[in-house]
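Asker: Here is what each chain is made of, one letter per residue.
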Amino acid sequence: MNKVKSEKAYCKEMEGTHIWKRGLMIFAVVLLSGCSGNDFRIDNSSSEDSTKAEEVFNNDKRLTSAVTVFHENDVIAGITLTTFSRFKKEKIEKELKKRLEEYYPDKDITVSADSKIRMETDKLIQLDNKKNMGKKIDKLKSLIKEET
Amino acid sequence: MVSIFITAFIVGGLICVVGQLLFDVAKLTPAHTLCILVVAGSVLDGLGLYEPFIDFAGAGATIPITSFGNALTHGAMAEAEKHGLIGVVTGMFEVTSSGISSAILFGFIASLIFKSKGKVK
Amino acid sequence: MVARGLLTFKTTPSIAATGVTAGPLEKKSPFADKFDKVYDDERCGTKTNEHAHAKMMEDACMIALSKVDSVPGDADFLLIGDLVNQMTPSNFAATTVGIPYLGMFSACATSVSSLVMAALLTESGMSTCAIAGASSQHNAVERQFRYPVEYGSQKPATSQWTVTAAGVATVTPYKKGFPSIECATIGCATDLGMTDPLNMGAAMAPAAADTLTRHLTGHGKDVSDYDVIMTGDLGKTGFELYKTLAGNQGFDVSEKFRDAGEEFYGADTAFLSGASGAGCSAAIFFTEVIDKMMAGDYKRVLLIATGALLSPLSFQQGDTIPCIAHAIELTMK
Amino acid sequence: MDEKKYAKLEKEVSPKTPLMRNVIFAFLTGGTICLIGQFVSMFYMTFFDFTERTASNPTVATMIFFAMLLTGFGQYKKIAQFGGAGSAVPITGFGNAVISAAIEHKSEGYVLGVGGNMFKLAGSVILFGVFSAFVVALIKTILVKFGVVSW
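Chains as they are written, first to last, in the numbering used here: chain L, 1138 to 1285; chain V, 2 to 122; chain F, 3 to 335; chain A, 326 to 476.
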């Protein structure tokens, strides 16, 4: 009797893990459809021409999305990478920054593949009030510096 | 951004598989296994391989105990970069790990509120 | 005559009563309704596991005495032991009951070694009422020998669960109608190089087989003379090994062999290889076996309690596990 | 019967370690714990000012908090029996080692018991973590000094 009972409990436990795992997967898929996809956006409130930046991001196959904000003297880009490019995250960030610096030599450029920065740049773009933008960008830059 | 959940699951799971193989095949005690993994994390960071790994797998690389060795080494190396050889020593004492401090704190809280129970299931 | 650990009791002292107490988890045991007292609280209403351990022992002693209409003042000797640091639980129990006390240690074989000692004292005429027994408490023992109770470690299928139980017997000069102690064999410490503290059954099996052989050849008996030959706490793995070893010696292992550790928790697989601990053999020997003897089901039994003589220090230093097994033969005249 | 023969017999009779089952369950358990960790870390990134890198500190602390609850309510050892290394290798296993020792030694008082024994099991991990960090950083510093590698 006991043996049967414990085996049943055991199966139940197993079932539990599968449901748990599947649930998480579904959640992941929902998230996936929610906030990624080929999503390249630029918000330009400065006088600079942003088409060059657009080109740089659009043509890089390692990126899955990029949100760039041009504001006064700042350029901040939140990007997401394909799964395996994430191994070279730091290298890609540096490389893109360098390329942008070639096009916009007098700008203060920040490129980050951190998902926090990506989330925040997304919020910046949707911001109606552009007044606080400078402050918010400064805050993001300090966040990135904390990384080391 | 989402694939990080999948990589976290897989990479975290695989590190645990390494631990399980050390348990069952190498017949090591849990304490020995964890020490080996911590040293492995530390060495990987010395080679500069652990950080890209965290970028790739997120919590899949920061939650396993290997990240503990990585965090300590990273702190020590950061100090060493600034102050040279002396920095290695001073860095050792400056490095704090949230793992240790939170384990101490929650361990003490748990000892205040819980009692052990010899239940089998 | 050279005895070599073989003892024969001419006056055949009797086991006039037994007292067995057990913890809440032991309600799962198929023998649970035979225990005299089962606690609902694993700490038996005391503050610590060790106090609970002592309390269980005290209660078992009081029950065993009350069954022969006695009080602690009537008893001559208290021969008990356990596994925790310097046997403090037994020491505290002895302080409370106030009977002249000799601490006994043979690890999980203490139930039989103390019974042999009580029989010797009775045989010599120095004792008319001796209490002999052993106890173990899961939490206290686990913490001493392995890990903290709440620590998560994956136990292999060979590992055993230390029982929470105390069992004592009141040994008196021969009394008609009660099981009497006819002969016994003191075991030799045996070490076949086993080092795994999570596979104690395998370490203890050779000691049990050795004592079995010595008892049967030394006393000129055969397996067929007994109704049952019961070992203490070998567990499923150890019991298989012991039967193989005994079979190699030419004994018929097919029917009469039982193991208290294997049977203690029934078929519940959560307990893996079965039960262990000093209280395991004591609780089963002093309920299941004695009850069946009183009921007339068993006429002659051989009890072999096995013990692993290790300490946390010895196995951490990489030493092997020496083991002991003592045998005692009970008859119903 | 000599030791070698007995060791052979013991191997034959003792139940085999179910390696495949253990590995699969360790993978699932460890993966799930890391997945939960990832969710916690996402939570900190979304609602607080943490980046991917800095979120790992509060995440680890939160995971150890979960480990405290599971250990205190007697659930962690069940997860461990099921998942093996899957529950021991994540930081929650480290937490469990510290917390279970703290709970266990409460009976000897907070100074000698809890304080003195908290790191009975986990202490070795800290020792080897710190020592290997020292050695690795030292080697790297020397190599950098000699110009073999750069930071």
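Hint data in this document are derived by calculation from the structure and do not stem from the laboratory. Check before you lean on any hint, since a few could be wrong.
Pairs of lysine to any residue residues, derived as SDA-like cross-links and limited to a Cα-Cα distance of at most 20 Å, are as follows [as the list claims (entries may be wrong)]:
(1) Lys1267/L - Asn1196/L
(2) Lys1231/L - Glu52/V
(3) Lys333/A - Gln251/F
(4) Lys29/F - Gln251/F
(5) Lys403/A - Gln251/F
(6) Lys470/A - Glu82/V
(7) Lys470/A - His33/V
Asker: Which of the listed hints are not met by the structure?
Answerer: The structure conflicts with hints 1, 4, 5, 7, although it agrees with all the remaining ones.
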